[in-house]
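K.L.:
So the protein sequences, as listed, match chains D and L. All the letters of the first sequence, read from the start, carry residue numbers 841 to 1130 under my numbering. All the letters of the second sequence, read from the start, carry residue numbers 841 to 1130 under my numbering.
It should be emphasised that the hints constitute simulated quantities derived from the structure, not laboratory data. Please note that a few of the clues may not be correct.
Same chains, same label: a pair holds when it works inside one copy or across any pair of copies.
Calculated pairs, EDC-like style, for lysine to aspartate or glutamate (alpha carbon to alpha carbon, straight line, at most 16 angstroms) [what the hints assert, rightly or not]:
id, residue 1, residue 2
1, Lys-1052, Glu-1076
2, Lys-1030, Glu-1020
3, Lys-1030, Asp-1044
4, Lys-1124, Glu-955
5, Lys-898, Asp-911
6, Lys-947, Asp-1044
7, Lys-1124, Asp-1044
8, Lys-1079, Glu-881
9, Lys-905, Asp-885
10, Lys-1019, Glu-1034
11, Lys-947, Glu-913
12, Lys-895, Asp-855
13, Lys-989, Asp-852
2 protein chains.
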Amino acid sequence: MSQLLKGKAAADAIDAQTSAKVMAMLEQGVGPTLAIVRVGENSSDIAYENGAVKKAAKLGIQTEKYICQADIEEEDLIAVMKSINENERIHGVLLLQPLPGHIDAAKVRNALAPEKDLDCISDDSLGRFFTGREGYGPCTAESCIEILKYYGIPIAGKKAVVIGRSMVIGKPAALLLLKENATVTVCHTKTASEDLKELCKGADIIIAAAGKIGTVTADMAREGQTIIDVGINFSEEGKMTGDVDFDSVSRVLGESGAITPVPGGVGSVTTTLLMRHLAEAAEKACGNKR
Amino acid sequence: MSQLLKGKAAADAIDAQTSAKVMAMLEQGVGPTLAIVRVGENSSDIAYENGAVKKAAKLGIQTEKYICQADIEEEDLIAVMKSINENERIHGVLLLQPLPGHIDAAKVRNALAPEKDLDCISDDSLGRFFTGREGYGPCTAESCIEILKYYGIPIAGKKAVVIGRSMVIGKPAALLLLKENATVTVCHTKTASEDLKELCKGADIIIAAAGKIGTVTADMAREGQTIIDVGINFSEEGKMTGDVDFDSVSRVLGESGAITPVPGGVGSVTTTLLMRHLAEAAEKACGNKR
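If we strip away everything but chain D, and leave its shape as in the complex, we get (with noise of 0.2 angstroms):
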């Protein structure tokens, strides 16, 4: 079987980088403090909120919760994220998504001020980082990279293979591997059966980050390859899966290749991700002020 790229060891090494500048704001009388926002009562949203919450705390991190009714007015909701983005005790902030159908999402998160913008939400933010401007990447994507570079896959000179191209996995991901210098083919739902198949085969990396159950399949795979599945899907009997079919690609792997579990492997990493930035905006705003 295959290498296991599990997030948390990734995320445990970023986390005790994060904890030390925080710590050393503390000691400056600075508190790093995350602004999260929630519209409604979605259980999901909460889950993913306690788990931001909880690892905020053990960073150090104070967070401020903005819980709006699920039926709130968009301008309100804008409202809110204006008050944020004017708040200097505020560093940065977690907007919960999906929002309700009757905002306008994009409206909202246009509204947040970039240097607030953690995980890339904004047309602005999103801009400044494909034109590798001031600012701070989508975390999911970031994440992918982050695990490479954990256990030492190598990116530069390598070919890497992204399916999808989504404006917030697949193209950033594409672009922080080129920044990696990697080869990097960007596949999607137009791309021929048969060209993704030989493309992924060819590949020494592949994203998946298709969003789609059986998306890489052990045909498509070979010996000594790396794989990085972005995909949370949920199989029929409510299983949480990735993209890839994990027991007969991990086989075709072998022992030289290596795999990220769903759960457990990307989705670990994006709240590290989003806190190592948080920590980052803070020292910014600190050193903004002095």
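Based on the hints, put chain L in the right spot on chain D.
P.N.:
Same frame as chain D, but now just chain L:
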């Protein structure tokens, strides 16, 4: 020999559409107007400027020249850009580049208002382009796609390789190919030469934008491919030449293949797209005034 994808035919077809738009506006009393900003008396700048003025005149577009001394201060050049932003008579800008070394070109480019940025030269425009928002794409990257479309070369579902990952050509061209539903691979200086060869051989479309003579050689090509050569290089003898070994590669492509010449390929379309963007910008400006 392969089919020659001359830029002029594609440019003529686009120019005809632009001309019709401009005529319609002129009939309504609106004179679409392009500002040309030149610093110094560089002969290649002047040659490009003359070409643009001639093309504009042919299409009924007015031009206003802003000729600055070669030693103009950065802030004064920025003031020129800002005055153009505020000038309602002007619908778009052609800034001749490169600017002299004492000027921070990024600051000047970023001073241009997005609605007058016809060639995606500001960071903001580029960010908008990469995130699919309103604005004008980089003309050279768009030219590659326009040539493919004009000659009826299918892109959707095809394998495309882009050689080069610059922010102004390689990356935007890759994005545009993705938008047209191609499966896109980006190769660059850190791509292993055997991978580059293999990927090029497997591709249906190659966009060569490395800016280096001899980037694509006959052993990297195969029968039936389409190659768009974006390179503008000069041989030791001073002859303008692309990134592709034209003669030998063209023979390999065969009658079912196609290739753009240099000069006479991509370069013949860029000013045409600048003028199309200008006409669109003028239309928007009129629409907004109504």
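K.L.:
Hints first: check each against the structure and report whether it holds.
P.N.:
Results of checking the hints against the structure:
no.: 1; hint: Lys-1052 <-> Glu-1076; verdict: within (13 angstroms within a copy, 53 angstroms between copies)
no.: 2; hint: Lys-1030 <-> Glu-1020; verdict: between (26 angstroms within a copy, 10 angstroms between copies)
no.: 3; hint: Lys-1030 <-> Asp-1044; verdict: between (22 angstroms within a copy, 15 angstroms between copies)
no.: 4; hint: Lys-1124 <-> Glu-955; verdict: within (9 angstroms within a copy, 32 angstroms between copies)
no.: 5; hint: Lys-898 <-> Asp-911; verdict: neither (33 angstroms within a copy, 57 angstroms between copies)
no.: 6; hint: Lys-947 <-> Asp-1044; verdict: neither (39 angstroms within a copy, 40 angstroms between copies)
no.: 7; hint: Lys-1124 <-> Asp-1044; verdict: neither (37 angstroms within a copy, 47 angstroms between copies)
no.: 8; hint: Lys-1079 <-> Glu-881; verdict: neither (23 angstroms within a copy, 69 angstroms between copies)
no.: 9; hint: Lys-905 <-> Asp-885; verdict: within (13 angstroms within a copy, 57 angstroms between copies)
no.: 10; hint: Lys-1019 <-> Glu-1034; verdict: neither (28 angstroms within a copy, 20 angstroms between copies)
no.: 11; hint: Lys-947 <-> Glu-913; verdict: within (12 angstroms within a copy, 39 angstroms between copies)
no.: 12; hint: Lys-895 <-> Asp-855; verdict: within (9 angstroms within a copy, 59 angstroms between copies)
no.: 13; hint: Lys-989 <-> Asp-852; verdict: within (14 angstroms within a copy, 50 angstroms between copies)
Figure legend: structure checked against the earlier numbered hints; hints not met, in rising order: 5, 6, 7, 8, 10.
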